[in-house]
Amino acid sequence: MKSNRQKLRTICPYLILLLLISFLLNTKYNILNISLAFAEDMSSQNFKLQGGDFTMTSGSKASPNYKLSDVVGETAVGSYTSKGYILNAGYLNTAAGSILAFSVSPTLIDFGSLLPNSPVVRSITLTIANGDVLGYRVKVAEDQPLSTNLGVEIPDTKCDSPTQPCTLAQGSSWNQETSYGFGYRMAGKTTPSDFLNSDYYRPFPSKRKNDSPALVMQSNARKATDQATMNLRVVVGRSQPVGQYHNVIHFTALAGI
Amino acid sequence: MKNKYPSFLSIASAVFIILCLVFNSAQSANAQSLSLSISPPVIELIIKPGVSVTQRFTVVNNGDLAIVTPHLTGYINGSPENPSDYIPEPWISILNSDFAWDKPTLLQPGESRQIVVRFNPDETVPETDYNRVFLLTTTPPPSAESSKSSFSSSIGSIMLITVSENGVLSKELKVTQFQVPQILDSFDSLEVRVRAANIGKTLVHTIGQLTLSGSVGKASYSLMPQTLLIGENRNLITDFQVVSGQNDSNASLILPGFYLGKYTVTLSLLGDEGEQKIIQNQTVYAFPWKAGLVCLIVLTGLWGFYPRKKKVRTVKKA
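Protein sequences, first through last, are from chains L and D. No gaps in the numbering here: position 230 of the first sequence is 235 in the working numbering, and each next residue is one more. No gaps in the numbering here: position 252 of the second sequence is 359 in the working numbering, and each next residue is one more.
It should be emphasised that the hints constitute simulated quantities derived from the structure, not laboratory data. One or more of the hints may lead you astray.
Below, simulated EDC-like cross-link-like pairs (lysine to aspartate or glutamate); rule was C-alpha separation at most 20 Å, straight line [what the hints assert, rightly or not]: (1) Lys194/L / Glu382/D; (2) Lys384/D / Glu339/D; (3) Lys255/D / Glu158/L; (4) Lys255/D / Asp199/L; (5) Lys212/L / Asp192/D; (6) Lys281/D / Glu382/D; (7) Lys397/D / Asp295/D; (8) Lys214/L / Glu382/D; (9) Lys228/L / Asp295/D.
Derived list of chain L stretches under chain D, where covered just means 3 residues or more per stretch with a C-beta under 8 Å from a C-beta of chain D [stated by the list, open to error]: (10) 106-113; (11) 167-181.
Note that CB positions come from ideal geometry on N, CA and C, so glycine has one too.
My request is simple: use the sequences and hints to build the entire structure.
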């Protein structure tokens, strides 16, 4: 008995140390993961501002006598008449040197084995940086509802309330395990405000149904670097046929004008 | 007596190394991301038929290996969309040998590529605006043996192209809404809504400001420069509104404060750097009417209550 207690006393510090290091590394790892994503977007040498030079061979075939630097920002009609073009990269050259960067991480969500009445929630992170242009917009659409190769579908969610279902543009509460479907919610500074609580979801617009993509991030600010989290939730019922369901969710990021 | 257990330090080191290895391998697996950037994100081109101009776009893959496909699409309601009858303009072409419209190309992690797009409308191209998007779309990862959603992304550069023989197309800007409350409670925020429409034949740039002047002072708020496309009718937003982070609001300006008396809100809107100037005024009268109403109700109640009480006393005395 005594020797076992001694063994336990000896092992205890190691276990505590192990837990401590695991915790620290895990925390650090997560932080590093986020900062690395930023670093990739913002501090890569590829992101150096290329101000003022819109790198055109501006009419070299049609107007070989003009220097490229003459073109940028010119608005004079007289110059247009002689050269035949005016090329600006953005209003008042605000886009000069600007870069629009967008990232989605991870690239794939595995829902694992879908069990009846057991909601599965997974999350992804969206990051956007817009430089000097006036804001940005990020929209989303799925190619189809989660479907098997045989065409069996998990329907897009209508959320809990049959009288006030969630729509493509309006989220509503979805936390019952018997409300089946597939949907998403957004969280972040520049995401739509209709995701009032953590259980508010919307269905994805579907390209197969010719739905218009839904706006999920929007800003009117310049020099914005914003991040948002998208949670995907899927719940199936007992009558849902067994199979491997899949779809493609497509994001589109454009600068504001 | 010799300790049969390894030293604390050696085990701690071993644990640390193992955890580092575990976490490093996890990191590389978890770091899978789609991450593309494009520069410039917006271009504006006014071009004469028969003239040729090229623009270089820089695309950088900051994520994992990606298959990207360049597309030429329309730009409708702020989105890259193609009407069913849309046929990409043959006079907008890619000059690169390794890139072509609708042809997938591999981008290595960290790779930067330059894509040169040429615009050369011939004399038969109608004079008007062509709002297009140079769109780069990634191919989603292949299917796995489980239920899953995979992601793809598109990032684009908006190309606002005006084909014009003489560079002069009719530009006309109209204020379709300039709304302020006529009567404002002193403690409410002042909300101003401004919408402008482009009713001309080419895109218009707008700048301007909203000025609030009262008996004690004056404050100006700049309107964010915006580009209105043909037929577009859009909210104009002030810098103040953007900084305050009220993105969802349709208001151009929401100004909290205490207001008392007469105020004038002046809209000065400039189209295309002053070629067109619109100035409009609205008057606001502010007073604490909500508090006044409450006081009035309370006083009325007291007035009604007081005589009855007096009557009761009289009865007792009798």
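Looking at the structure, which of the earlier hints fail to hold? 1, 4, 8, 9 and 11
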